[in-house]
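Asker: These are the residues of each chain, in order.
Number of protein chains: 2
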Amino acid sequence: MKTYCFGIDVGGTTVKCGLFETAGKLCDKWEIKTRIGNGGEQVLPDIAAAIEKKLKERGIDKADVAGIGIGVPGPVREGKVPFAVNLHWGETDIEGVLGQLTGLPVKAGNDANVAALGEMWQGGAEGHKDAIVITLGTGVGGGIIVDGRIVEGAHGAGGEVGHAHVADDIKEPCNCGNTGCLEQVASATGIVRLAREELDRMDANDQTNLNPEKLSAKSVFDEYKKGDEVAARVVNRFASYLGTALGAYAVVTDPEIIVLGGGVSKAGEALIDAVSRYYRAYAFAACKNTPIVLAKLGNDAGIYGSAKLAIDSIG
Amino acid sequence: MKTYCFGIDVGGTTVKCGLFETAGKLCDKWEIKTRIGNGGEQVLPDIAAAIEKKLKERGIDKADVAGIGIGVPGPVREGKVPFAVNLHWGETDIEGVLGQLTGLPVKAGNDANVAALGEMWQGGAEGHKDAIVITLGTGVGGGIIVDGRIVEGAHGAGGEVGHAHVADDIKEPCNCGNTGCLEQVASATGIVRLAREELDRMDANDQTNLNPEKLSAKSVFDEYKKGDEVAARVVNRFASYLGTALGAYAVVTDPEIIVLGGGVSKAGEALIDAVSRYYRAYAFAACKNTPIVLAKLGNDAGIYGSAKLAIDSIG
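Residue numbers (the numbering used here), protein chains in the order written: chain A, 6 to 320; chain H, 6 to 320.
Rather than coming from a laboratory, the hints here were simulated on the basis of the structure. No incorrect hints appear here.
Copies of the same chain look alike in the list, so a pair counts if it fits in one copy or across any two.
Straight-line distance between alpha carbons at most 25 Å, and here's what the computed PhoX-like set of lysine-lysine pairs gives:
hint, residue 1, residue 2
1, K176, K293
2, K293, K85
3, K134, K301
4, K58, K38
5, K219, K230
6, K219, K176
7, K30, K61
Chain A on its own, in the form it takes in the complex:
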């Protein structure tokens, strides 16, 4: 195994870059802007230039670099995406183009899947080979790890766990076009939606410190921790949806561990306790004690996972 590799995490605003030792140590991390003009045609050349610059700056010979792992926001299959909306990309052969630009082996994956791999490597699921990692952010994403490898799926939709139908009473469409998706009730925006519903439903006996003008997942969890009853209703409803869905996912791959990340996971143990309560009620007997834990790598999960992808695939 060569000494170094790169882990790249492409977002719609910035590209996060990491230089790793293939033994696992993060040596350097930095960001560049994602230039999405002209169909995002500069994104991969900018990444190639950033890598060349870093190698020069550190005096690293390309012959000592195993390769580049890269996570992108789109359904990656065999190194290509048919599209990546946030990057303004149409069909793009990521591995082909970035490989040609850098002369290095490249392995591409979906960003949420890659972040899951990062959490397995050095984060919340460290030491495990079978994990379900769920990211509770603006949306709900995830990655499924079976026997140490990402499940990409036949259409690049492995781990798209935000789009199970869980709520018949939600009639507004999800970003995916369906209605009643987990994402609509378990993302940060989903929690705000549930909070609005609870506030609308309050009667004269209810008291709350939730401010209808400043609702956020954070404010809901903050008030919940202080004992606010309306916030508790919101958290219980959220946790019921998510815990039940996790029970359904667990009977598919029966993971060793379930990891919750993303902005909502900043609520910490209060989140874990609430979700675990519903998970344990509905999970299959053999899976009831599967630990549910917090992600550890935060915004670095993507670069860690991309680096791991490169290490596993390129060697």
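Keeping the supplied structure of chain A fixed, place chain H upon it in accordance with the hints.
Answerer: This is chain H only, laid out in the frame that chain A set:
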């Protein structure tokens, strides 16, 4: 690769046995009784004797046998089960014991998982490497295939898809101890449960040919096919539960194909059409066109899958 292998499917009443060419052809199949007396201690010796007898009868040299695959009704992990209720077994090292008795390499798996592998090899999912196979029988079981291999899971519960919580209104406990499991509304007995509920709910305007004394999944589907409205309500409710659950499972592993087997699948295309309707409504965009098809191997799925398990693992 040696010429022959055995595929063994252990049930609570009979053991199904198959002699296969490792190239895939089923040469011979037969059954022996499952003797579950004395903690099921005769089950593995009886299988060993049946194999020895078959080799002698056919004049096959043991040196030409790659090995034995065996499916058992229990949570198999690394060749062992902690228990197998229907066989009266406590902790049993299946691969160790049967290997010692026969002098052949043995690979063991859970019976539902192994049947799924059989359907992938020569059944409804033939030609695919990523599949979800669901068995709708007295219970609801299944097997998840990712990249051509069974997902066993951390506790042997991979593919226990009958035990996702899907129905809040069912208060009676499932065999697993939880309430509202998919198995309670999508198995043959689950369909009878839903039919009873619909019959209880009928008012003076409703007419049905369903006979409350002779309810079965078959009678419900038979009347449904003839246009019976009450039977249609039952089928729609069943299909709604199952189709929605399949949508949730599909965002976990994103299979190439979904296969429905077990006794309920004798309803044929009427089953596929009803379930597909709800699946397509709620499945994630990328997975909406994933084919849902009927299983093909019937009761032989287990011996096919066990043989395939032996071939893949022993080589």
